[in-house]
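My request is simple: use the sequences and hints to build the entire structure.
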Amino acid sequence: MTPPSARARAPQPPLLRISPEVALGAIGVGALAVIALWWKDTIFISGWGDWLTNAGRITGLLAGYAVIVLLALMARVPALERGVGTDRLVRWHAAGGRYTVCLAVAHTLLIIWGYAVTAHSGLVHETGSLLTTYPDVMMGTVAVGLLVLVGIVSARAARRRLSYETWHFVHLYTYLAIALAFSHQFSTGADFINRAQARWLWSLMYIAVAALLVWYRLLAPLRSALRHRLHVVEVRQENADTVSVYVSGLRIDELRAEPGQFFRWRFLTRDLWWAANPYSLSAAPRPDLLRVTVKITGSHSAALRHLAPGTKVLAEGPYGSFTAARRTRRKVLLIAGGVGITPLRALFETLPGRPGDITLLYRVNRPEDLVLATELDAIAAQRRARVHYLVGPPKFDGSDHLSPRRLQRLVPGLAQHDVYVCGPEPMMNAARTSLRTSGVPRRNIHDESFTF
Amino acid sequence: MKRVLLSVTGTVVGLVALLNFKTHGHPIAAGTLPSAGLPNASSTSPAQAGTSTSAPPRAGTSSRSSTPAASAARTIAGSAVETRYGVVQVQVSVRGTKITNVQFLQLTAFDQRSAEINSAAAPILLQETLSAQSAHIDTVSGASYTSDGYAQSLQSALDQVGIK
Amino acid sequence: MGTVFSFDVRTPGFDTTVLDDAVDILQDIDARFSTFRDDSEVSRLAAGTLRISECSEDVQWVLRRCAELTAETDGYFSAYAGGALDPSGLVKGWAIEQASDLLCMAGSTSHCVNGGGDVQCVGWAGPDTPWRVGVSHPLRRGELATVVTGTDLAVATSGSAERGAHVVDPHTRRAPGALASVTLIGRHLSDVDAYATAAFAMDDAARGWLESLDGFRAFVVQADGATWSTGF
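Chains as they are written, first to last, in numbering that gives the first Met the number 0: chain X, 0 to 451; chain P, 0 to 163; chain L, 0 to 231.
Please note that the accuracy of each hint is not assured.
[As the list claims (entries may be wrong)] Away from chain P, derived, C-beta distances all over 10 Å, residues of chain X:
id : residue
1  : G150
2  : R198
3  : G355
[To be verified] A few chain P residues that face chain X, going by a derived Cβ cut-off under 8 Å, partial list only:
id : residue
4  : L14
5  : L17
6  : K21
I should point out that these hints are in silico values taken from the structure, not numbers from a laboratory.
Built from N, CA and C at the ideal position, the CB exists for glycine as well.
Structure representation (C-alpha cells):
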C-alpha cells in the first residue's frame with residue numbers, strides 16, 4: 000500500500016485554536032479577578048497579625064484558582080491542544096504545579112501564624128485550635144499534605160527512580176486533594192462566608208473545569224471510539240527497529256486530524272490495552288486511513304509488530320500544535336532527527352509550497368536508521384522539494400552535522416525560513432542554537448518535544 | 000533556578016504591595032493600641048435625693064486627633080466585612096488623609112473565633128501586691144460604696160488620674 | 000441607687016458620645032428598678048399597685064432570673080432576702096453589663112465599666128496588657144487585698160465593708176459574720192454579682208459551694224483577716 004498524496008478536501012469550518020498568548024492572558028485575567036475578590040472584601044488591615052492573615056487569604060485564593068487552571072490545562076481541550084501545543088501545556092502544568100504547591104503551603108503557614116498573632120497564642124496551640132475547632136480545616140490540611148506528596152514524587156529526581164505507573168497513580172491523588180480542600184474554602188474562607196455571589200462564581204469555575212475534564216477525557220473519547228471504530232489493517236516493518244501501523248475506520252475525516260499532530264493510541268490486545276501511548280501520524284490522514292510509524296524502544300512498542308489485522312484501537316486526539324497553522328513564511332525548513340521524522344514526513348507531504356520552497360533535513364546516526372526514505376524521495380521529486388540525508392555518528396558535541404555553516408550551505412536563505420524541528424532533545428537543542436546563530440528569529444522556529 | 004527566584008520574589012513583592020495598599024496609617028485593631036491619649040471618661044448617675052445631679056457631667060479627654068481643617072471631611076461607609084472577630088461594618092470619617100473617626104456599625108461575633116480570642120487570658124490572682132500605688136491597677140472592685148464613700152475611694156483616685 | 004459609675008474606654012478613636020447613651024441606659028434602669036424611688040416598677044410591684052404582666056420585659060426577665068438564681072444558690076440569693084422585693088443583687092451587675100454591651104455594639108473592643116465596685120472589663124487594657132483589677136481590702140482601708148488580671152472579665156465584691164451590713168442571709172434574716180468580703184471573678188457581671196452576693200450570704204458554707212462553681216473563681220477575705228481563693 001503506497002501512501003497517498005495530499006488530496007483536496009471538502010471545505011470544513013475553521014478549527015478553533017487558542018494561542019499561547021491568549022491562554023496566558025486569560026489565566027492572568029482570572030488571577031487578577033481572584034485578587035480583586037480579596038480587594039473588594041478588605042476595608043483596612045493593620046498590625047502584623049492582619050498582614051499575615053491577609054497574605055494567607057490571598058495565597059489561599061490563588062492556590063484554589065491555580066489548581067483549577069492546572070486541571071484545565073490537562074483536560075485535553077482540543078482548542079488548547081491545537082493552539083498552545085501538548086508539550087507546552089505539559090510544561091506549564093509542571094511549572095504551575097510546583098508553584099501551586101508552594102502557594103498552598105505558604106497559605107497554610109501564613110494563616111496559622113497570622114491567627115496565632117491575632118489571638119496572642121502560641122503557634123502550636125493555634126495549629127491545634129485550627130485543626131480541631133474550625134470546620135473542614137482538617138480536610139484542608141490532609142489536602143495540602145497530599146499536594147506536597149505529589150510535588151515530591153513529581154520532582155525530577157524522584158521521577159527518574161519511579162516507574163511511570165507509580166508516578167501516575169500518586170499524581171491522581173491531586174483530584175482527592177482538590178475535593179478535600181474545597182469545603183474549607185467556603186466554610187472558613189473570609190471571602191466566601193456571607194458572600195453567596197462569590198460562592199456561586201467560584202463553584203461555577205470548578206464545575207466548568209470538571210465538565211471539561213469529564214467531556215474531553217472520558218465522554219468524547221468514548222464517543223469517538225463508538226463513532227469511528229478504528230482497527231488495525233496492516234503492520235509493516237520499515238527497518239530493524241521501526242514499524243508502521245495502518246489504522247482504518249469510519250468517518251476519520253471527522254476527527255479533523257492535521258499533519259504534524261499525534262494521537263494517544265490504545266491497542267486493545269491483552270498485553271497492550273492498559274497503555275495509551277502518543278504516536279504522531281506519519282502520513283497525511285486520509286478519510287479512511289491513518290498511519291503511525293513507531294520506533295521500538297520497549298516491550299510495548301515491540302508488541303506492535305505482532306498486531307493482528309482487525310485489532311480494535313482507541314485513539315484519543317488529535318493533539319498537538321506542530322502543524323501548518325504555525326507557519327508564517329513562504330519557505331519552510333524541516334529538520335528531523337531519528338524518530339522525529341514521523342510528524343515531519345506528514346508535513347513534508349502536505350505543507351503548501353511552490354517548487355523549492357520546502358526543504359527537509361533528515362539526521363540519523365547510521366544508514367540503517369533511515370525510515371520511509373523512498374517515500375521522502377518520491378514526495379521530493381513530485382513537489383520539487385529538497386531532501387538531504389545527514390548520516391553519520393554524532394560528533395563530539397553532536398552539533399557538527401547541524402552547525403550553522405553546514406545549515407547555511409544546505410539551505411540558501413536560511414534566515415528567511417520557517418523551521419520545524421523534531422527529534423531527540425540534544426539534537427533539537429543543537430539545531431535551535433545553530434538556527435538562532437544563523438539569524439532565524441525565535442518565533443519562526445517551531446518544535447515539539449516528544450519527551451514530556 | 001532563575002525562574003524560581005523570579006517567581007518567589009514576584010509573589011512576595013505582589014503580596015506586600017497589595018497588603019500595603021490596604022493598610023492605613025491609623026491602626027484600628029484590638030491589641031494594637033497607642034498608649035498616649037487614652038480617653039478616660041467617668042460619669043455619675045443621678046443618685047437618690049440628696050446628691051442628685053441633673054445632667055451627668057462628663058470629664059475626660061477625648062482621643063480624637065485635631066488636625067487643621069485643611070481639607071474637607073468625608074464619611075465613608077464600608078460594606079460589611081468578615082473579619083477575624085465576625086462581621087464588621089465600618090464607617091470611617093476622614094479629613095484629608097487622616098482618619099478622624101471610625102464607627103463600627105455592625106459587630107457580630109463569630110462563636111468560634113471570638114470564643115478563642117476571648118479565652119486568651121484567664122484571670123490571674125496576684126498575691127504579692129497590696130499597695131494601691133505600686134500595683135498599677137486600672138480599676139478597683141470593692142463592696143458597694145455610696146457617693147459619699149466614693150470621694151475617698153480608691154476608684155475616685157484612679158478616675159482623677161485619668162482626668163488630669 | 001446612689002452608685003457612681005466610671006467608664007474607662009481604651010479603644011482608640013472611639014466616639015465618646017456613645018457614653019451618653021450608656022448613661023441613659025443606666026438612668027432608665029434606675030427609673031424602673033430602684034427600690035428607693037416610689038414610682039419605679041419594682042417599688043410599685045412590691046407595693047402591689049402593679050402586676051407582673053404589666054411590667055416591662057426587662058423587669059420580667061430580671062425577676063425570672065432572680066428565681067433561677069435562687070434555685071441555683073439553694074436560696075442564698077434571693078430577691079426577697081430582706082423581706083420585701085429587692086432584686087438589686089442582680090440588677091446592679093446586670094445594668095453595668097448592659098452599659099458595657101452597648102459600648103461593644105458601638106464598636107468598642109477595649110473598655111472597663113465600674114459601677115460601685117462591680118467591674119465589667121472587655122478586651123485588653125493595652126497591647127499585650129490584660130486589665131488589672133484591684134480588690135480593696137475590707138478590713139484595712141485604703142489597701143488592696145489582691146489584684147486580679149485578665150481579659151474580658153467581670154469582678155464583683157460582696158461584703159459588709161462600706162455600707163454596713165446590707166447583705167442578709169435570707170434563711171436567718173441576719174447578717175453573716177464569718178466573712179469580710181467575697182470577690183467573684185467570671186465572664187458576665189450579672190452572674191458574677193449575684194453569685195458574689197449569694198456566696199457572702201452563705202458565710203461558712205461558701206467555700207464548698209464556690210469550689211463547686213464551674214467557670215468562676217473566688218477570692219475571700221475572712222473576718223479574721225485570713226484569705227483563701229478557689230478556681231485559681
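Task: Interface hint status, L14/P versus chain X (Cβ within 8 Å) - done: Given a least distance of 5 Å, the restraint on L14/P holds.
Task: Minimum Cβ distance from G355/X to chain P greater than 10 Å, as the annotation requires - done: 41 Å, holds
- [ ] Hey, is G150/X genuinely clear of chain P, shortest beta carbon separation above 10 Å?
- [x] Fine: 13 Å to the nearest Cβ keeps G150/X off the interface.
Open item on the list: Tell me if the interface restraint on K21/P is satisfied: Cβ within less than 8 Å of some Cβ in chain X.
Closed with: 5 Å, holds
Open item on the list: Quick check on L17/P please, does its C-beta sit within 8 Å of some C-beta on chain X?
Closed with: For L17/P, the interface hint holds, since the closest Cβ of chain X sits about 6 Å away, which is under 8 Å.
Open item on the list: If we take the beta carbon of R198/X, is the closest beta carbon in chain P still more than 10 Å away?
Closed with: 13 Å, holds
Hint compliance for this structure: no hint is broken.
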